[in-house]
Amino acid sequence: KNEVEQSPQNLTAQEGEFITINCSYSVGISALHWLQQHPGGGIVSLFMLSSGKKKHGRLIATINIQEKHSSLHITASHPRDSAVYICAVSLSIIQGAQKLVFGQGTRLTINP
Amino acid sequence: GAGVSQSPRYKVAKRGQDVALRCDPISGHVSLFWYQQALGQGPEFLTYFQNEAQLDKSGLPSDRFFAERPEGSVSTLKIQRTQQEDSAVYLCASSAFLAGGTPSNEQFFGPGTRLTVL
Chain A
5 KNEVEQSPQN
15 LTAQEGEFIT
25 INCSYSVGIS
35 ALHWLQQHPG
45 GGIVSLFMLS
55 SGKKKHGRLI
65 ATINIQEKHS
75 SLHITASHPR
85 DSAVYICAVS
95 LSIIQGAQKL
105 VFGQGTRLTI
115 NP
Chain B
19 GAGVSQSPRY
29 KVAKRGQDVA
39 LRCDPISGHV
49 SLFWYQQALG
59 QGPEFLTYFQ
69 NEAQLDKSGL
79 PSDRFFAERP
89 EGSVSTLKIQ
99 RTQQEDSAVY
109 LCASSAFLAG
119 GTPSNEQFFG
129 PGTRLTVL
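Protein chains in written order, with my numbering: chain A, 5 to 116; chain B, 19 to 136.
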């Protein structure tokens, strides 16, 4: 079993729909990240959170530490939101450093 | 620099060739990570540097993989005798230390190098 599980793996929706991507993890973490990856490989950090909820524009991320679960929501989705969304958790390695352990990603396609 | 850069962006190698992938982190970033991303999968940790010291190389898949960061800035990931299963995107990320001297959780990613081994 992977330490970080995302669902769904693929999601297709119509423009304007409310989108939810879920992430569950099985290890103790110091932070959880939501990342966006466009074709071509570049990864952009959307959120880093360790508790509660964060909002940036149409994006909202929540985390429940007790249940080891996080969700990423997109309101009023737009075709430009089409990308792969990746959940990752920070795990301690050495001397305070944290490596990222990633889920396999959710491929989101928003049709006009 | 403005962000993390990697070169080359694309590399095609014949099976058995050696390759070298370069990462230029954000200036002043102490921590540098290498990740490997197979097609359709999430990235996986390869190795971690703090300045010039390679403190964790537990993710390197075999002794054909070697990474260095001799002056604590630019890093090179070398793969010897490449095999088809090495085909992947290799991502580099860097992060800073916080004011209190502890590593930041936030990592900044380069665009990746897509390696194809024929």
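No lab work stands behind these hints, which were simulated from the structure alone. Among the hints, a few may not be true.
Quick list of simulated restraints, FRET-style, between CB atoms [as the list claims (entries may be wrong)]:
#	chain 1	residue 1	chain 2	residue 2	range
1	A	Thr113	B	Gln59	33 to 41 Å
2	B	Ser23	A	Gly61	21 to 29 Å
3	A	Gln13	B	Gln102	39 to 47 Å
4	A	Ile69	B	Ser45	17 to 25 Å
5	A	Thr79	B	Phe84	25 to 33 Å
6	B	Ser45	A	Val31	15 to 23 Å
7	B	Asn69	A	Asn115	44 to 52 Å
8	A	Gly46	B	Asp36	39 to 47 Å
9	B	Gly46	A	Ile69	41 to 49 Å
Think of the CB as a built atom: it goes at the ideal place given N, C-alpha and C, for glycine as much as any other residue.
These are the hints, each one checked on the structure:
no., hint, in the structure
1, A:Thr113 <-> B:Gln59: 33 to 41 Å, "19 Å, violated"
2, B:Ser23 <-> A:Gly61: 21 to 29 Å, "27 Å, holds"
3, A:Gln13 <-> B:Gln102: 39 to 47 Å, "24 Å, violated"
4, A:Ile69 <-> B:Ser45: 17 to 25 Å, "35 Å, violated"
5, A:Thr79 <-> B:Phe84: 25 to 33 Å, "46 Å, violated"
6, B:Ser45 <-> A:Val31: 15 to 23 Å, "33 Å, violated"
7, B:Asn69 <-> A:Asn115: 44 to 52 Å, "47 Å, holds"
8, A:Gly46 <-> B:Asp36: 39 to 47 Å, "26 Å, violated"
9, B:Gly46 <-> A:Ile69: 41 to 49 Å, "32 Å, violated"
In terms of the numbered hints stated before, the structure departs from hints 1, 3, 4, 5, 6, 8, 9, listed from lowest to highest.
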